[in-house]
Amino acid sequence: MVRIASVDLPKNKRLDVALTYIYGVGHSTAHSILDSLGVDWTKKTDELSNEEINTLRRGIEQNYKVEGDLRREINANIKRLMEIGCYRGNRHKRNLPARGQRSSTNARTRKGPKRSLIGKKKK
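Each residue of the sequence shown is one higher than the one before, counting from 1 in my numbering.
Check before you lean on any hint, since a few could be wrong.
Subject to a maximum C-alpha distance of 20 Å in a straight line, what follows is the list of computed DMTMM-like cross-link-like pairs (lysine to aspartate or glutamate) [as the list claims (entries may be wrong)]:
no., residue 1, residue 2
1, K65, D16
2, K11, D69
3, K13, D69
4, K79, E47
5, K114, D69
6, K79, D69
So the derived label-pair ranges between C-beta atoms look like this [stated by the list, open to error]:
no., residue 1, residue 2, range
7, R102, K43, 17 to 23 Å
8, K79, K13, 44 to 50 Å
9, R80, T20, 44 to 50 Å
10, I74, Y21, 15 to 21 Å
11, T105, R58, 26 to 32 Å
12, Q101, Y23, 53 to 59 Å
13, Y21, S49, 17 to 23 Å
14, T105, L70, 31 to 37 Å
15, R88, D8, 34 to 40 Å
16, R71, W41, 21 to 27 Å
17, N90, L70, 23 to 29 Å
Derived from the structure by calculation, the hints contain no laboratory data. Glycine included, C-beta positions come from ideal geometry on N, C-alpha and C.
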């Protein structure tokens, strides 16, 4: 089993798809990583040699911010926005959409399930 950036990559998957299991690595980033390191992206994870695994591990650790470091940085950015009291920070505090979406209707994913008002009578 291949372990890169504290993530176990799935067996018998193409390498460009397997790298997307790492937080912070998408499809295009996976291709650019593999091209820069000179590893064939059509190989399966089972077919990798130890040398290729080590070059992948070193290349990702040195050039990209992934997994724990990336999560920590994103959380710190959100915390900073909330501390300075800007609009986006206030939206994060109230658990509302922060990027200009409509929130009077919709936004159920962000706001959570609808809560009924007890004692409110329709007229």
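A quick look at each hint next to the structure:
{"no.": "1", "hint": "K65 to D16", "verdict": "18 Å, holds"}
{"no.": "2", "hint": "K11 to D69", "verdict": "25 Å, violated"}
{"no.": "3", "hint": "K13 to D69", "verdict": "26 Å, violated"}
{"no.": "4", "hint": "K79 to E47", "verdict": "43 Å, violated"}
{"no.": "5", "hint": "K114 to D69", "verdict": "35 Å, violated"}
{"no.": "6", "hint": "K79 to D69", "verdict": "15 Å, holds"}
{"no.": "7", "hint": "R102 to K43: 17 to 23 Å", "verdict": "46 Å, violated"}
{"no.": "8", "hint": "K79 to K13: 44 to 50 Å", "verdict": "35 Å, violated"}
{"no.": "9", "hint": "R80 to T20: 44 to 50 Å", "verdict": "28 Å, violated"}
{"no.": "10", "hint": "I74 to Y21: 15 to 21 Å", "verdict": "18 Å, holds"}
{"no.": "11", "hint": "T105 to R58: 26 to 32 Å", "verdict": "50 Å, violated"}
{"no.": "12", "hint": "Q101 to Y23: 53 to 59 Å", "verdict": "24 Å, violated"}
{"no.": "13", "hint": "Y21 to S49: 17 to 23 Å", "verdict": "20 Å, holds"}
{"no.": "14", "hint": "T105 to L70: 31 to 37 Å", "verdict": "33 Å, holds"}
{"no.": "15", "hint": "R88 to D8: 34 to 40 Å", "verdict": "35 Å, holds"}
{"no.": "16", "hint": "R71 to W41: 21 to 27 Å", "verdict": "26 Å, holds"}
{"no.": "17", "hint": "N90 to L70: 23 to 29 Å", "verdict": "24 Å, holds"}
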